[in-house]
Every structure is written in C-alpha cells, then in structure tokens.
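Visitor: Sequence:
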Amino acid sequence: MTQPVVSGSRVARGGKAVYGVNLGVLMLDARFPRIPGDMGNGETWPFPVELHIMPNVTPEHVVMGNPLDYLPVAIESARQMIARGVSAITTNCGFLALLQPELAAALDVPVATSSLMQIPSVQATLPPGKRVGVVTVSAATLTPAHFRAVGAPEDTPTCGTENGREFFRVLIKAEKDDLDIDLAEADVVAAARELVAKNPDVGAIVLECTNMPPYAAAVAAATGLPVYDIYTLVTWFVGGICPRVFPVPQRYLKA
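For the record, in the sequence shown the residue sitting at position 62 is 57 according to our numbering, with numbers rising by one throughout.
These are calculated hints, taken from the structure and not from any lab test. Remember, it's a predicted structure, so these values are computed and weren't measured experimentally. Worth double-checking, as some hints may not be accurate.
Unchecked claim - Calculated pairs, DSBU-like style, for lysine-lysine (alpha carbon to alpha carbon, straight line, at most 35 Å):
| hint | residue 1 | residue 2 |
| --- | --- | --- |
| 1 | LYS193 | LYS125 |
| 2 | LYS168 | LYS193 |
| 3 | LYS171 | LYS193 |
Generate coordinates for the entire structure from the input sequences, incorporating the hints supplied.
Guide: What follows is the structure, given as structure tokens:
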C-alpha cells in the first residue's frame, strides 16, 4: 500500500561517507606524545576533527627540509578527507605555510595551513610601534618565504627552541618517544623571553609550532603579552565553516 506523502517532512542530504566532522587535519608521521592542547590530540578540540597521517613525512623532513617536496602527498591526503566529508583542511605543522597558496588552489574547500596566517590580523590589533613576534620550533629554518606565503612581513622577528633541552630534540630530532612536559614548557617559555628581550617592540606573540598550545598560557604569563597559536586559528576558522546557532529563548518572544 502506498504511504501518503507527509507535508513538511524533512529529507536529509546524502553523498558523504562521514558526517559531523567539518575539519580535516593533515598530520605529520611522528611518535612523540601528543598531550591535551597538542593539535594531534583529539581532546584538544571542542568539535570533531579527522586526523590523517601523511605516511613517512616526518617533522624533521618538513622543518629541516623543503615542505614543497611533500605537496603531492598533502594534496592527495587532503582530497581523501574531502571525499569522506570534511569541509575544511588544516595541517599540524606551521612550516607547511609554504604550501598555503598551492593547497588553496588545488582543493575545493577552505584551507588554513599554519598559525602564521594570524600575523597580519594580530598586527592590526597592536598600537603604532608594536609588531608581532614568532616563537618557532626552529628559527634557523623558518625563512622569509614561509612568511611571504601567508602574507606576513618577511622581517617578522623570531626565536626558536633549537638550543633547548627537550622540545626540539623530541619533536624534530625524534631522539626519544617520551616527553618531559615541564622541560618542553621551559624551552618554549625561554624562547619567548629571548624573543621579547631582543625585540622590545614585540607586542604580541604567535606560536608557530602546533605542539606549542599546551604552553601558550605559560608564555602569556611569562611575557605579559597576548599569545596566538594553531588553536586560536582553527577555532576561528571552524567558526566560519560551521557558525554557531543561537536559539531564541521563549522569554524573548511575545506572548
């Protein structure tokens, strides 16, 4: 027996394999601990994310080498996530800023590769005479080209963690699988203090490395400056992809 058509019935749109996951993260292949706040820890995010590992593309490859060498695998990995249903793409290495123009051109969803993309907007919030500074995992290999790719000033002051006791040698050199969290925090805070000491005109800090958000509050406390990182970028980014719905409470409505 034919069922009657119900006027006003709702029909869900199909065509995807996965629903409710708006953000896809291109992940480097690493084995160090990803504590809460780290981009690769799913508990960091207030919304679902898909983490897609690019096989055999390590942090050392990208930070100490040429990220553009891995553009093909990044495009293919992003397309796989898009086919599964994600609505936007980001990455878990700030050095992949070099891929921003190419990924944005190759993919049909919005792309935000690096926390460094925030530099121009943060600069706009500062008073005259102040500028943005960057704490990075490797100042020696963060080049003007990285800044140019995301529209940031090429002379942005930077300071890295290369000379620290823990952060660089675990995350980049992969000398061990465990991480002394307190030593890692000390490395990041020390780099931030050095940045400000050498550049007193710095009025805000952007943390390049996506493993640094667990230490952002400590950096802010140590420097007294606003601190931005991949968490602040991605929460803003997804806020536009999936705007919050504000229900109107009954008390606001006429009787």
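Visitor: So if I understand the rule, the pair passes when the alpha-carbon distance is 35 Å or less; does LYS193 with LYS125 pass?
Guide: 14 Å, holds
Visitor: Next pair to validate is LYS168 with LYS193; report whether the Cα-Cα distance is within 35 Å.
Guide: 27 Å, holds
Visitor: Quickly compare the C-alpha distance for LYS171 and LYS193 to 35 Å and report which way the hint goes.
Guide: 32 Å, holds
Going through the hint list in order, the structure satisfies each hint without exception.
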